[in-house]
Amino acid sequence: MLNDAAVLLAMLAVTGLTVVLLILAPWWALLLLVLLLAAWLLLTRTGRQTWSVTEVGLATIPQRLGSASVVLIGIAGVVGVLVALLAMAVGFEATLKETGSDDTVIVLRSGSQTELNSVLSHETAQLVAQEPQVLRDARAQPIAGPELVVVASLPRKSTGLDANVELRGVGAQAWALHPNVKITAGRRFAPGLRELIAGKAARQQFRGLEPGANLKLNGQQWTVVGAFESGDAHDSEIWGDADVVGSTYRRGSSTTTVVARLTDPSAREALAASLASDPRLQVDVKTTRAYYSAQSERLTRLLKVLGTVVGAIMAVGATFGALNSMYAAVAARAREIATLRAIGFRGVPVVISVLLETMLLALLGGVIGAAVAWLLFDNYTASTLGANFSQVVFNFKVSPALLWSGLKWALAIGFIGGLFPAVRAARIAVTAGLREL
Amino acid sequence: MSTLVEIRNLSKVYTRGTERLEVLHHVNLDIERGDFLALMGPSGSGKTTLLNLIGGLDSPTDGSIAVDGKRIDALGEGALARWRAAHVGFVFQFYNLLPMLSARKNVELPLLLTHLSAAARKRNAAVALELVGLKDRAAHKPAELSGGQQQRVAIARAIVSDPTLLVCDEPTGDLDRQSASEILTLLQQLNSEHGKTVIVVTHDPKAAEYARHTLHLDKGTLVEGGGAPAGAVASA
Amino acid sequence: MKYLHLVWAALLRRRTRTVFTLLSVLAAFLLFGLLDSVHSAFTVGSRDVAGVDRLVTVSKVSFILSLPKSLYERIQAVPGVRAVSYANWFGGIYQDPKNFFPNEAVAPNFLSLYPEWVLPQAERQAFRDTRTGAVVGASLARQFGWKVGDKIPLQATIFPQKDGSNTWTFDLVGIYHASDPKLVSAENLFFFNWDYFDEARQFGNGNIGWYITQVADPREADRVAQKIDDLSFDSDHETKTQSEQAFNVAFVSQFADIGLIVGAIMGAVFFTLILLTGNTMAQAVRERIPELAVLKTIGFSNASVLSLVLAEAVALLLSGAVLGLLLAGVVVAAVRLKMGTALPLDPVGRDIWLQGLALAVVVGLIVGALPALRGMRLRIVDALSGR
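Protein chains in written order, with my numbering: chain H, 1 to 437; chain B, 438 to 673; chain U, 674 to 1060.
These aren't lab readings, by the way, just hints derived from the structure by calculation. This one's a predicted model, so the numbers in the text were calculated from it and none came from an experiment. Any given hint could be a false lead.
[As the list claims (entries may be wrong)] With a cut-off of at most 25 Å between alpha-carbon atoms, the simulated SDA-like pairs for lysine to any residue come out as follows:
id	chain 1	residue 1	chain 2	residue 2
1	U	Lys-900	U	Arg-755
2	B	Lys-643	B	Thr-658
3	B	Lys-656	U	Ser-1058
4	U	Lys-675	B	Val-564
5	H	Lys-304	U	Asn-772
6	B	Lys-559	B	Ser-539
Kindly generate the complete structure, drawing on both the sequences and the hints.
Next comes the structure, spelled out in structure tokens:
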């Protein structure tokens, strides 16, 4: 009895250690481990014994296709779902992170979490523009300007239902402030006119945003005169002249935010301090990178948690499936194993061979799952409600790091699913196994 | 004694792919009620096949079998199952007890097919177990019983629903000498004291000594051998 | 049934295998319970029970544009309208942005348009009488440990006070709870008086966020909605009026096609589950062919053997499903208690249970079908001789 308990404890300890190792080890460490293993299998006597037992085991797989596929498909399922869900989080985060830069700041009213909630006066915009930390262009004009962020309700192509699209009213310096924005069709809107340009993702999501289309906003006719692309979250927006948008939305001369280019990324603090010292102003100054990263944080974290929880529960299910499968395999080959032991093979080769077999199956399952996730979901376009209560379009991103993560999960499941049956295989009493004959 | 089993012109042919295997050739046989018959013969002689046909486990290719006046060769699968439940008890060489059930529950199995209440089932099973001398082992699982004891449980199961026929395929094949003679004595007891008609297939001449009559089969036909009963008609 | 012990014994034959398979089934149904409760929570507003006779009126251009208060009397005058109320989104934060919950400034009669929320008469009166009074849902109160009489400060993110400060303080005078357990997700709202809001806010005074209209006859809802929109047609504050249900559906659809995601995950999960249990059942039956043959020998009919195997599969699935759903219920209850409104989850209620159990039976039948047929069709003679 004590022996059994001791073995069980030892196995649990080894399992725990291995799982921790897998999680923490960087890819080159694991690669090194694999190479060492291969060397051991090829060069040492015990290693070669192990490999021959493993070969026999692998050769019997066609006979037990059913139970082998349980391990394979079970793990493929876990990895596939995990990678797909996490790709959502990674993709959303990436889209928003790319939207900002370190040399541009966004100024919001103090306490406003998002552009939509902020209100700043026209005077504030002028004060910010005059600060020395703001870069000036060739004509000595400050590269800064007010931006008015509002939301318009338009029907979605996919559901036909109304959804919110972000409408950003920008000033003359907008093109300098957002150098990523490129007109891909039509032209820029003309200042002072009710003209709009629509971002690539916004056009994909919503009806009626193609160049030439007409929209009615608050009883006024607006025309879409161009299309733009910027490779970040702005693609989900439509842009117009800030003053005209302001009058349509009855904002008078106020704006929501002020965006400015810094002379140097390190100048942000000085700018913030300077604005804070002015008693008329109650503002927050952040780099656009910091601002957009924060926007994505909540949803990204939610998605990561969701993905990990679902993946973990599935992994538990798959592990028990693998255990079942491998215990059955070991039982079916009890006779062979006992014969091998009778011939003189020791316990260790048997244990390692069962483990190896399970982990190879698991690895294959992991690769299949990852491949399916990559094929189906990489760059899959989705959209959700962003921080400004409007649709943000993003692409699923099946990154190499994610694929690697998935493979590690597969190996972990394979290890646990194989270890216990492997030890059972080694402990099959030789005589008991032979009696099966 | 009246005729219990009437076999006329019985043939069984197995088709394996394109091969035709004639296992029984035009066998004619009468078995009296209350007889203890041993069927002997070398391996491949068809004795097990004959037993299976008499017990309603299989249907003949040609000929007829009538048990207690009923033509069982004409019955379909479902009807045969019902007939077996009521009329036949089987005993196998390897006992074939359900390993996860206790001895008593194993014996009760045939009674699940009747309308008896749970209490009645329990009672009948107890009686059967007592008859075979295993009353105090009722709660044990097969793994906890010796070979001889397991076979006795199997016999108890075979007789619990008071069948017309007791059909045994090599009942002592897996037992040591001591247990074998115990089992054969039991069968003899059931035959002489309780009037059960017993048919046993065996290759052991010593086992055949316990029977009243012995028949020999070779290559699918009954042959003249020691102790052919008056009623048996050897085939031409 | 007297055959029940046979099914039970069959499952116990290889205890470890049964336990492992059971745990896999448990995992699958745990996921089912959890994901379904997430799905349920997101779609609560769009189910039949809530808001059948209420219409929501917002600005046609965008929900961030406000509507004039003058519409109040004009909507009231539309035939078919039983009652009108109005509200503004406030968007305040309690202590930390993570503690998000909806908070709104509402007209004095607002709560009376929501009879599914139960509030004692005394507390209703207190809300009307106390200018800075606030009413919150029971779930929200529980999450933050609020009691009637507490002072609750909210940090404004949109509407500062006239003196420039962002802090608005309210007196908690009432706690409502949902009369229907299905609507318990709606217990996360915070209401305070519109008059206090309008008086103290720095800008936008006199403007309404949205109107809620109660129609006398739900069948007339579309007609009344049209009439309400006609009031502002071609003005500078055009409106869009639709049933509260439709409004919620449109709102939720903006988050994601949650149903699709959940469905896809569950599809993958159950596919692997069927494979797994199918394999186990096939294995189990293969091992027991000789025993099944013995049963047939004894006289058990083909149908009985078929039913025995199917029963075994269904029993396995049902046991795992029950355990998984129970665990899901426990986890959901714990998460709701700890995280409250930050993570919306519906309790694992009767609907989820019924769906889960039905699913278990169906999967059990699918998984058991082939092995059961094999068991039923076995030839006794072949099976006994080991062929």
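Here is what the structure says about each hint:
1. For a cut-off of 25 Å, the pair hint linking Lys-900/U to Arg-755/U stands: about 14 Å separates their Cα positions.
2. Annotation: proposed proximity of Lys-643/B to Thr-658/B holds, straight-line Cα distance about 22 Å (limit 25 Å).
3. With a CA separation close to 19 Å, the supplied pair Lys-656/B and Ser-1058/U stays within the 25 Å bound.
4. At roughly 20 Å between alpha-carbon atoms, Lys-675/U and Val-564/B fall within 25 Å of each other, so this suggested pair holds.
5. At roughly 19 Å between alpha-carbon atoms, Lys-304/H and Asn-772/U fall within 25 Å of each other, so this suggested pair holds.
6. Of the pairs offered as hints, the one joining Lys-559/B and Ser-539/B holds, with about 12 Å between alpha carbons and a cut-off of 25 Å not exceeded.
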